[in-house]
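J.: Here is how the chains run, residue by residue.
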Amino acid sequence: MNTLCQGEMPIDTENDIVMARKSVREAAVTLGFGVTDVTRIVTAASELTRNIYVYAGSGIMRWHSINDSNVGLELVFEDKGPGIIDVKLAMEPGYSTGKGLGMGLPGTKRLMDEMDVLSEIGKGTTIRIRKWLRQ
Amino acid sequence: MTTQNYDKSRSILGSDESFRLLVDSVADYAIIMLDTKGQVASWNAGAEKNLGYRQNEIIGRHFSCFYSSESVNEGLPEKTLKLATENGRYEYEGWRKRQDGSRFWANTLLSPMLDSQGTLIGFAEITRDFSERKNADYARSLIEASLDPLVTIAPDGKITDVNAATESITGRSRIELIGTDFCDYFTDPEKARNGYQQVFRESMVRDYPLELRHANGRVTSVLYNASVYKDEDGAVVGVFAAARDITERKLSEERIKQQSREILELSTPVMQVWQGVVAVPLIGCLDSQRTQQFMERLLDRIVETNSPVALVDIMGVPTIDTQTAQHLIETITAVRLLGAQVVLTGVRPAIAQTLVHLGIDLSGITTRSSMAAGLLVALDLLKLQVVKKSENHRGD
Amino acid sequence: MPNGTVSVIKIRDILLVTVPSDPDDITVSELQEQVLYAMERHSAKGLILDISTVETVDSFFARTISETVKMVALMGGLSVLSGMRACVAVTTTQLGLTFEQTLTALDVDRAMDMLSVAMDDKGDSA
Ligand SMILES: Nc1ncnc2c1ncn2[C@@H]1O[C@H](COP(=O)(O)OP(=O)(O)OP(=O)(O)O)[C@@H](O)[C@H]1O
Ligand SMILES: [Mg+2]
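Residue numbers (our numbering), protein chains in the order written: chain A, 223 to 357; chain B, 8 to 403; chain C, 2 to 127.
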């Protein structure tokens, strides 16, 4: 009753980014998100899984519906990679240690309703994002 | 005749001295022997304590003196004897009167006494003061009568009692609930804890919002009103908390919100004013949520009508702040990504001043002061021209 | 259009490239290469990138497309991004990707019109 949908998948290969987008799209559509919100959530998942693939090599994506007083979707991205050196800086647009635009993390924050970043150098990174269903 | 009966009862009692002593020593129960007519034949210490009369004052008197005059007029004392005789025993609760005229709530068990031949020789009455029980029962029934979920909580946060309404809102029985943590039944246990701790600190809280979770997962929004309660010495022993289910209220608030959203949508119609041109007048304040919706609708309509130009009129927007301006710029950018263009119209002097003072750069955006002027720009972009019909043409 | 396949069609001196709906990163990277070589091979002057079926545009996709447009410009060509979906436009904007230097069109027809007008102008001045 409390969980309408949930799932997890490993992010190891480049193709897993596509698979992640597919799974997240399916979950978001099932929960009844509108087409624009579905696009927002899928885009956020695309950003975060690619970050795992590019910076940590591999990791895992989990998702589950939230069904308290508010209905929503929560996604968790976890890796045991090098960690983010300066989380505050990484959340600023334009900061990239790779050849990216540095838009992935700050953009994800704008697309979602909630975002938590937990990162420890040498240990890994866990990012949790949430989107609430607007009635 | 009366004396005879009395003597008989007495002799029965007297037959077992140790039993007699036992009866005498019981202080909490009035144990009274009545003869067949209801006259007092024997009296113990408990009877004296509960009813006030000393043994020598009461022996031989009719037991109706323990009843109020109304009850006596209604014939209640005789009725109890009759019912006891017929049923073999009779138990009832009711008011009894002491020697000093004060009354107390009593529980009475009346049993007929028969001799070996089965002949009625009298009655044994056992009466107990039930005042406290009655108060407790009364309080309990009040609590039970309450439709609001009520709960008492000990200082350690454990539930000490609940009523039926609490059982139904949590989906758990009283037995299950008592002794468990109050906080366990809320979606936000930490907030629940802060709530009752606040009561212990400030001795009460009003309209504290929490969400109760039913065993089946259903969540109910409630407002708690709670205060501390004290023992006879004035020491705080717990919190008494009453919840009010506000799901209904929330639902109707939600409905109102929904309605105002619908009105809002109606108030930002995206119209197709020309083949290839849509127009939307923005009226009222633009908050984030509203701009978001407006943006989505405008973009959808542009795609639907395949319109390369969108006139956005802000004449009806009373004020603009950085946030709103940012949203407008976002909308304009998104429209551009579709392959269309926004012409901003109705920029009043005050808005123009604010935009410049806020340092908002609208330089890449075509703006016009009126919707009419904007429409000309739109037609120009579509390589269309408005030509005045000449009189000659009409004549042809 | 099978997912994962980029189609490249030449119409006079314009290349029409249709991007699949949910391309993986390799497909997107290869698209850039494919487009640049096709531009050279066919001596094309214009490029239309039709993204009308694309469901998600993330920072990687946006970066690759913007780069491609710039590279085409260096080779003397003009590009138009055509048919972006409304939900994608909202998301892309919010993500902070603006495709600033890129021309856009509602659909392929309009993109064709835009390119022919622009290329005529260029031809006139040259
Ligand atoms: N999972 C991760 N592990 C380690 N570092 C990370 C992780 N995710 C992000 N980072 C760091 O944070 C920086 C910012 O990430 P962000 O996604 O915002 O930009 P980017 O990936 O560099 O570029 P873009 O996403 O725009 O293509 C990255 O350059 C990287 O240094
Ligand atoms: Mg990134």
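In short, the hints are calculated from the structure, not lab data.
As the structure is a prediction and not an experimental result, all values here were calculated from the model.
Mixed in with the good hints there might be a few duds.
Said to hold, decoys possible - Chain B is faced by these chain C residues, among others (derived, beta-carbon under 8 Å):
id: 1; residue: Q33
id: 2; residue: E34
id: 3; residue: A63
id: 4; residue: R64
id: 5; residue: T65
id: 6; residue: S67
id: 7; residue: A87
id: 8; residue: V91
id: 9; residue: T94
id: 10; residue: T99
id: 11; residue: F100
id: 12; residue: Q102
id: 13; residue: L107
id: 14; residue: V109
As the list claims (entries may be wrong) - Computed far set for chain B versus chain A, every beta-carbon distance over 10 Å:
id: 15; residue: P84
id: 16; residue: Y97
id: 17; residue: W112
id: 18; residue: E139
id: 19; residue: P162
id: 20; residue: V212
id: 21; residue: D238
id: 22; residue: P276
Said to hold, decoys possible - If you anchor each label on the Cβ, the simulated ranges turn out as follows:
id: 23; chain 1: B; residue 1: Q279; chain 2: C; residue 2: R64; range: 31 to 37 Å
id: 24; chain 1: A; residue 1: E230; chain 2: B; residue 2: H364; range: 35 to 41 Å
id: 25; chain 1: B; residue 1: A379; chain 2: C; residue 2: I12; range: 37 to 43 Å
id: 26; chain 1: B; residue 1: K264; chain 2: C; residue 2: D121; range: 51 to 57 Å
id: 27; chain 1: A; residue 1: G256; chain 2: B; residue 2: S259; range: 20 to 26 Å
Using N, Cα and C, we set each Cβ at its ideal position, and we do this for glycine too.
J.: So, for every hint listed, does it hold in this structure?
T.: Each hint tested on the structure:
1. A cut of 8 Å between beta carbons decides the hint on Q33(C): the least distance to chain B is about 20 Å, and the hint is violated.
2. A least Cβ separation of about 25 Å between E34(C) and chain B goes past the 8 Å threshold, and the interface hint is therefore violated.
3. For A63(C), the shortest C-beta to C-beta distance to chain B is roughly 10 Å, which exceeds 8 Å, and the interface hint is violated.
4. The interface hint given for R64(C) is violated, since its Cβ lies 15 Å from the closest Cβ of chain B, which is over the 8 Å cut-off.
5. Using the Cβ-Cβ criterion of 8 Å, the hint placing T65(C) at the interface with chain B is not satisfied: the shortest such distance is roughly 16 Å.
6. Annotation: S67(C) was flagged as interfacial toward chain B, and the flag is violated, the nearest CB pair being 12 Å apart, outside 8 Å.
7. With its C-beta approaching chain B no nearer than about 4 Å, A87(C) sits inside the 8 Å limit, and its interface hint holds.
8. Interface restraint check: V91(C) against chain B, minimum CB-CB distance 5 Å, threshold 8 Å, status holds.
9. Given the 8 Å rule on beta carbons, the hint for T94(C) holds: about 4 Å separates it from the nearest Cβ of chain B.
10. This hint holds: T99(C) has a C-beta 5 Å from the nearest C-beta of chain B, less than the 8 Å allowed.
11. Contact between F100(C) and chain B, as hinted, is supported at the beta carbon level, the nearest pair being about 6 Å apart and thus within 8 Å.
12. Interface hint status for Q102(C): violated, as the beta-carbon distance to the closest one in chain B is roughly 12 Å, over 8 Å.
13. The interface hint given for L107(C) is met, as the beta carbon of that residue sits about 4 Å from the closest beta carbon of chain B, less than 8 Å.
14. Look at V109(C): its Cβ only gets to about 10 Å from chain B, farther than 8 Å, so that hint breaks.
15. Distance to chain A confirms P84(B) as a non-interface residue, since its nearest Cβ pair spans about 61 Å, more than 10 Å.
16. Here Y97(B) stays apart from chain A, with its beta-carbon at least about 53 Å from theirs, past the 10 Å limit.
17. The claim that W112(B) is not at the interface with chain A holds, since no C-beta of that chain comes within 10 Å of its own (minimum 47 Å).
18. Residue placement check: E139(B) keeps its beta carbon more than 10 Å from all beta carbons of chain A (closest about 43 Å).
19. In this structure P162(B) is separated from chain A by more than 10 Å, as the shortest Cβ-Cβ distance comes to about 29 Å.
20. No Cβ of chain A approaches the Cβ of V212(B) within 10 Å, the least distance being about 20 Å, so the stated non-interface status holds.
21. At the 10 Å boundary, the C-beta of D238(B) stays outside the reach of chain A, the nearest C-beta of that chain being 38 Å off.
22. Even its closest Cβ contact with chain A, about 19 Å, leaves P276(B) beyond 10 Å, as expected for a residue assigned away from the interface.
23. In this structure the hint that Q279(B) and R64(C) lie 31 to 37 Å apart at CB holds, the actual value being about 35 Å.
24. Checked against the given bound of 35 to 41 Å, the beta carbons of E230(A) and H364(B), roughly 51 Å apart, lie outside it.
25. Checked against the given bound of 37 to 43 Å, the beta carbons of A379(B) and I12(C), roughly 39 Å apart, stay inside it.
26. Distance hint check for K264(B) and D121(C): the Cβ-Cβ separation is about 54 Å, which falls inside the suggested range of 51 to 57 Å.
27. A C-beta distance of roughly 24 Å is found between G256(A) and S259(B), which places it inside the suggested range of 20 to 26 Å.
Comparing the model with each numbered hint stated earlier shows that hints 1, 2, 3, 4, 5, 6, 12, 14, 24 do not hold.
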